[in-house]
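The listed protein sequences correspond, in order, to chains A and B. Quick note: the first sequence uses this note's numbering, first residue 1, plus one each step. Quick note: the second sequence uses this note's numbering, first residue 1001, plus one each step.
Possibly wrong hints are sitting among the right ones.
[Claimed, not checked] Here are a few chain B residues that sit away from chain A, every Cβ distance over 10 Å (derived from the structure):
1. 1239
2. 1269
3. 1342
4. 1437
5. 1440
6. 1599
7. 1650
8. 1709
9. 1766
10. 1769
11. 1778
[Claimed, not checked] Coverage of chain A stretches by chain B, computed from C-beta distances (three or more under 8 Å per stretch; other residues unrestricted):
12. 11-21
13. 105-116
14. 155-168
15. 198-208
Hint data in this document are derived by calculation from the structure and do not stem from the laboratory. Think of the CB as a built atom: it goes at the ideal place given N, C-alpha and C, for glycine as much as any other residue.
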Amino acid sequence: MEGIDPADVARLREAGLAAFTAAADADALEEARVAHLGRKAPLGALQKGLGALDADARRAAGALLNELRAELTAAHEDRRVALEGAELAARLAAERLDLTGPARRPRPGRPHLLTQVEAEIVDVFAGLGFAVADGPEVEAGRYNFDLLNIPPDHPARGTMDTIYVDEAADVVLRTHTSPVQVRTMLAAPPPLAVVCPGRVYRADAVDATHSPVFTQVEGLLVAQDVTMAHLRGTLLAFARAMFGPDREVRLRPSFFPFTEPSAEVDVSTEDGGWLEVLGAGMVDPAVLTACGIDPDRWSGFAFGIGVERVAMLRHGVRDIRDLFDGDARFLAAF
Amino acid sequence: MRLPLSWLQEFLGDVPLEDVLARMDAIGLEVEAVHRPGDGVRGVRTARVLHHEPHPDADSLRLVDVTGDGGEGTVRVVCGAANFDVGDTVLHAVVGAEIPGMTLEARRIRGQVSQGMLASPRELGLGDDHGGLLVLGDDVPLGADLTDLVPVGEPVVEIAVHPDRGDLLSVRGVARDLAAVLDAPLRAPHAVPAAPTAVGVPVELTTTGVATFVVWSLEDVVVRRSPLWLRTRLAQCGVRSIDGVVDVTNYVMLELGQPLHAFDLDRVAGPSLRVREATAGETLATLDGAERALVPGDLVIDDAEGPASLAGVMGGLRTEVHAGTRRVLLEGAVWDPAAIRRTSRRLGLVSEASTRFERRVDPAAAGEAVARAADLMAATADARAVAATVVDRAPAWERREDVTARASALARLIALDLDAEAQAALLRRGGSDVAVAGDVLTVRPPSWRGDLGRPADLAEEVARLHGYDRIAPVLPPLVARGGRSPLQRLERDLRAAVLAAGVDEVVTRPFVGATTLAGAVPSDGRVGLANPLAQDAAAMRPGLLDGLLGVVRRNHGQGSPGLAVHEWGRVFRPADDPLGGAVDALAGTGWRWHGPDGAALPLQPRALGLAATGVRAGPGWVDDDAPWTVEDLLATLDEVVRRTGGAALDRVPVERPGWHPGRTVVLHRDGVEVGIAGQLHPAEADRRDLPDGTVAAELLLEPLLAPLGEAGPAPARAPVLVRHPAVVVDVAVVAPVALALAEVAAAVRAGAGPLLDDLRWFDEFRGSQLPEGHRSLGFRLRLQDPARQLTDADAEAVLGAVGAAVAGLGAALRR
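Looking at chain B on its own, in the form it has when it is part of the complex (with noise of 0.2 Å):
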């Protein structure tokens, strides 16, 4: 809503634009800019068009003589706009002038002298007009300078509108509002005509979609340019100027709130007019042109011929006043806002008119409104009122009770020291009604005011009209137990692991397209969007894995010799996807989320993923030309599986589409998978524009987190330290290729049994000394007792243990 300060200052007196500025804000009323359009011009001044001749050297240029200073004399321009003829009065900006962006000079134009230049409005910063010259009326005296003739420059006030206050989408409503605060008076500046006494065009409603309905007949209108003034705000405002008939329905809207629309009566037929819901498979061509299909719900006005308005969205064509017309009929309403709503959405066609009656538009304000307009087109287009009709309804939708509250209860929750009395006459001040007996408020609000129907709005009001700077700060006091949950605490605790690893953070958009990188327990699955932003974002993402590896590829495509990033996040599948069962088999259906029916939510676990390319930390920093490697990811991974207090996944190697065949494994917990960690297969990476060797890993949480409960994992227990010296034996593991080392450290491990304190696999060898397809492992022992120091018996006892157990797995110990 813009606000030209002149405007506001016609009913707020002369308050200057700081005072206005200062309050706004504290009332609610959010300035966003103040606009000064037109300013800096100086120098333009009416003349009227004596001649005008083709440039002997330019088709599209005029050689124009207009009146001089005073309205005397002659003085030739060139001009490049022929929306004008001789006898016209224009605006002449005289060598000299200044208008933004440029001081004007006699200057030659194609062989021809002009001094200064007829002005667009655009050029005047009077609109968005560039199509031709400012025509003006005859209301203007020539050789007058523009400055004196309208506040060009003035302040334009431009403030948001919060949705509940329709109210201040009008002039005089922020003026009021403003009087309200201020406790100063509100002017009335414009007294308006009666209603004509003869009955108008008849009027039938057969819907509670309206509650009233104002139509005034209108006579020997002369529809022509509307004057200089009405021009100069509806610009400030940024409406365009139509014509004497259009415009003023324009004003009168800005200046009191309430949309106007004005039919062509000898177009409207019958006469006649009815109000109506509209029937399914009807149309309607409005004002901009386009055939409008109606559905039940909306609202129509019909005349003897069927719909010739959608009410409270756009007039209709076959009825639009034009510049024949000779009589109008003046139409004012007051619509349901829900069904003005619906329309204006369903439609996806917003007019000032819908904007409005959404917000609610004061249905008192409407015959006001009818006669405010009927007395500018009197002067604009010599308009005669001759009949009105005028129809009140009560809907309920508009229908409104008192106001009950007690004054200790809003003053309580507002912080404020203010009793009955003081509540009341600040509520005055806003225009309601008060009763106060005693320490209740009986509260009948102003007919404009509909946001103020219970007492949480009137406490609003009262703390609104007193200051929310006034309210004082005070901490509440402790009511609950806060804090993070140990849960919550060991979550933070995660995050620290994989940061200590190297792994820098990152937060992508979860959404995916088409094609992704399955990650942990794969599926189709995906929570598809109805509304997507973009085909490439179609979808909630299934993993992590695709927002990671943009990240790396766009890294990569700046020349980042190497990084590893991670992401803590959300992965969305369906309801019935694979992943549930698999997530519940480890950690109950508690993790689910349920809607308040009951009905299932997309599954959305908390999920880690990494990705990582190119060497681990690069010149200055520690292993300067290390890369990136599967097992960084995994060692990643273990230790935040580790913090969880649970055992170290089992990792089993695995063949999936967009992995390397022989690096990839999936990380199981009891025979469930729950995670993924690879290198990309070549194919995948070059498709993607990944380096080769990218790799990645992903690790589903809620299977880790969710069986802990909110009380997070058991504390760790203290190790016992061994004081007798440890026995340390070197075995060596030759085992057929084919079985894994976790496999064959997992016999050892068996077999070395409770002596054992520490295993570490050190060494790979594979050879010609060794069986076909055989390789061997060094594995170290350490192996020691609490109790007692170890004899070369007890080694040689484990050494046989271990011997047997692998022999199980088909593999032999060599000495």
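Bound conformation, chain A alone (with noise of 0.2 Å):
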């Protein structure tokens, strides 16, 4: 038998690489590849049929079937390649998103002002070395008055300012958190620094500035040779974390019957002036020895902090039933 005829292995060039091209996709490749490349394709068929030439027709015809494999088999990978690239361009390009748009977020709940304020104002006591106090909400006379120095006929102790569970046996909602740090004294010797936050009562009826229930935050540091230097101290550290670090404290002298001497303390503005934000003193002597705590031996500071206060100066809230109706638009604020 002679050789093979080269415009046979030209023709299956020909038809091979054209059926490569065209292939549209993935299965056109295939089926392109098992009609030109495959074991029943013409090309198989020449290659099982070079067995019957001669060795050196054999030689001659295998190397062109050879050749003309190895070039079909290139021309289908390179035809592979570039349709996976096409089809990987079109799918990134229909997954294409606008991603300047606003973005659908998960649903966090929001931590109430008044719980922000008041543990944004705790930290700052913790960081000072106060630890964190409890106490109850109903609260014996003895604890919210008598041992603070407010004796039975004071005016806070009418029903005009006082909210009473029961008169008779002086159980009333706390008035400030001060019973707390009786407590505290009564249960411990000092040194002590304590905070105590928590919510308290007066009998004043809603409006926009005032709110039969509130919260304080009042603290509490006895120790030896507390000064009001310390007090001043405590309170510029506590109005520069809250307010700003540019800012100053200013006392004025006061009266609360808990504390002598007394003072109301300002902290500056921006713009150079003074708001009123809360009250101070040293730790009156009978209020020290109503608690066991013998004052010639220990002195000790105290204040307290009206968080809704706080909140509104520093928020910008206008009415205080604003903190405690719960309008949805209120609370997203913050």
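Given two chains presented individually in distinct reference frames, assemble the corresponding complex, making use of the accompanying hints.
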């Protein structure tokens, strides 16, 4: 038998290359591969028939067919890569998202403004070495008043100011968190440093600036040689932490039954004014004595911060009722 | 307290307003406002009424002729007031004049031209009186400009006075305090006459409630209207003018701080006075016309006929000064502050006098005040002092000791570098007598300072006079271990868990009315309020749900598509409420609060409440149309409980009033109820104007937190991460519908034993293929063993055990 007709080889090349180029997707390409490179393809038949040729012709024809197979295989591979690239590009184009729009979010709950401000205030004092103490909201009058140097006929104990649970048994809704200070002093000897956050009550009707329930963080520090300088230093640290590093505090003489000397404490504003923020003073010796602490050996200071007042000043809350009404629009702002 | 600047200046000289204001805040006189009553009044002059006649076309108006410029000529004015007559002197706002709110011009009123107007006190900013013209006495020149006669428009400083500083409730008292701070002399602008030597009305004191009692008898009295200067001062201070007798008592009270009372001496029976405590059943008609029932402890002044005045609070009607009074008995006394406070509080009767006596008046100034008033009444009422009676006592409440203190101790407390002499100098400026012996100060405070009784009081006074602003800020040393305790940190962590579930926090007012939705451990027990602010706030909340549902309703009413809210707070029950026993069973009794005598206070455990309605998130959020369900709230509570380190709570279906009977569970720990979660009964939701499907939950925290102690929960243990592949087996359990899922799951869990890594319920099926009243529950079991690869035989063994376990419940495993 003679060798292979080069014209046949050329035809197979043409047909194979054309089929691969024409394949529009992976399936068509596979079909073309089977048709032109598969075992039953004409190329395969030709190669199978090489055995019938004489040695020289076989060598020449084999080389020719191997060359053709390599060429077609490479062409198939090129086409496969090209098709895959096109497919990926199409998918990526189809998956395009416009991420410049508003992102859809998981909806988190929000802590209440009063909780945030209270926690922030407590954190400031915790950082200054104060522990955190808790106590009951329905409280014995003796802890809320008597031991704080507020005698039975004091005007603050009248029903105009204090909400009573039981007048005869002298059980009240605490009017400040000072009774927690009393309980702290009765429970453990000095030195003591605590802040007492919590709800307190006054017999005030609800309006834009009054609430029968509000929130205080009171503080107490009793140790040896505690002075008014320590009080001012502590409150300065508080004012700067809560309102800004440039703030100053001003102490003005005032009166509270449970402190002597007493002071109203103002915090400076950005425009050079002063805002009344809290009351403070050196613990009255009568209070120390009533709570079993020797005032000749120990001294201390106390302060009371209105959380609502701080929240309203700092966040521009205009109506205290907004803090207790739970309007979702208000809640969402903080 | 209102302080006209010109009045202060009588005592202080010409200090400018700015200096006064600058010092006041620094020394504890809280400036509330600076008023300028009558500010802007211009072109108002005195004029005499020459003639008046009715307006021809208006019944309520008069045509009035008054004197004109310089008191000459005639000017016609149309006037609506009728409290004057020919010959009276009135104030005429002429054409071109300015009064607050208007500039006057010639104007036609019902056809008659009015050349300006005749002014009432209110129109001039000189008081609230709008009932008629400001009619003056004969003491003013005609045609004079009002601003040349009295300082209308001058600054009037209003200050708040602290309750321990009764001495600041007078012009002189404030001036004295300012003088001490300014280190300036206090002037004595008004010489007072000596008391008449003749003995006056006999006085008997039968109570220790009075320290000083002074009465002067005045004769030849003519009661007439007060001069313009006096009326102006009173108006500036917000006091209504009555007549030349009563006005002077008020004026002297404002000036010197000593309340005074004027009796009509001809109406005082006897005349004699007796000061005593009231007895039960007595009554007294006071000046305001009220009939007051007296009790023992009230102080009264009797004449020969019985009670004539409620001492220190209000005078009696029977002996009141009136237009025809010819003789006056002028009284100044110093009363026990505690007694006056009791009477004033009991009667709900707060007067200028009681306000001052409650805060203590200067016992040394009563005689001076009576003399000053008598002197003024000589001018305002022609009064002539003829006799006086003065009784001084030193009752225990007025006896005051010298105060001794170590100057070094005071200086240390106030952190000011002031030695004994420097402190003594400051205290002397404030009126104290001070003796210095080395470091020891012996201080006799001035008679007007009742608040200086202890070394701490002296410390404040020294610091105040030296200046609080000179105290340097210094941080105190660390004195104790601070910061939040582990349990307090856990509480904060629990808050974060609820927020992470998408539930907003709210704070509500913890008061409730008569009807509430019962939450965890319901009872009828209420902590009622003795003096509630409103009927729908008559008790403390027994649970958290009412406040939360109120928030839900409010937002629903505003068109909110849905929300979930929670609140942390105390709930309140009586000390013997069943809730106490439930909490005790898990937490012991350490969570209960007691009074100083060991008496139990009401229960006030901490709790967490949740309420939700509508869609979870809304547009713009993930899962924007998923609704809030009971399961969401349960999942939230599960996470809270998990973070306390405890096992999950058991859920027990329950039927409770107000709750959906098929969608409510109570939460148990060790068989004790600690919470509830469910959907509101449709009727309950309707009654509360809430959307159907509103869900709520409440969890008592004390049973979870108290057992942990201050140390908080034990640290969580790291799990062993098994590296052998797990075997996953799905099973179906056919069980009676009444059998709770939790019970079936517990049986599966128990049956599966230690190889079970995770159990999930994934399917429920009901259908005719199943026996009547049964359902099929699908569970996926994940099995693994840290030590080896599990085989099919292991899985078979587990399934066999699970089958046996559920069979014990009357259920069957379907393979």
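Verification of the hints:
no. : hint    : result
1   : 1239    : holds, 23 Å
2   : 1269    : holds, 33 Å
3   : 1342    : violated, 6 Å
4   : 1437    : holds, 20 Å
5   : 1440    : holds, 15 Å
6   : 1599    : violated, 7 Å
7   : 1650    : holds, 26 Å
8   : 1709    : holds, 14 Å
9   : 1766    : holds, 34 Å
10  : 1769    : holds, 40 Å
11  : 1778    : holds, 29 Å
12  : 11-21   : violated (count 0)
13  : 105-116 : holds (count 10)
14  : 155-168 : holds (count 8)
15  : 198-208 : holds (count 5)
Going through the hint list in order, the structure does not satisfy hints 3, 6, 12.
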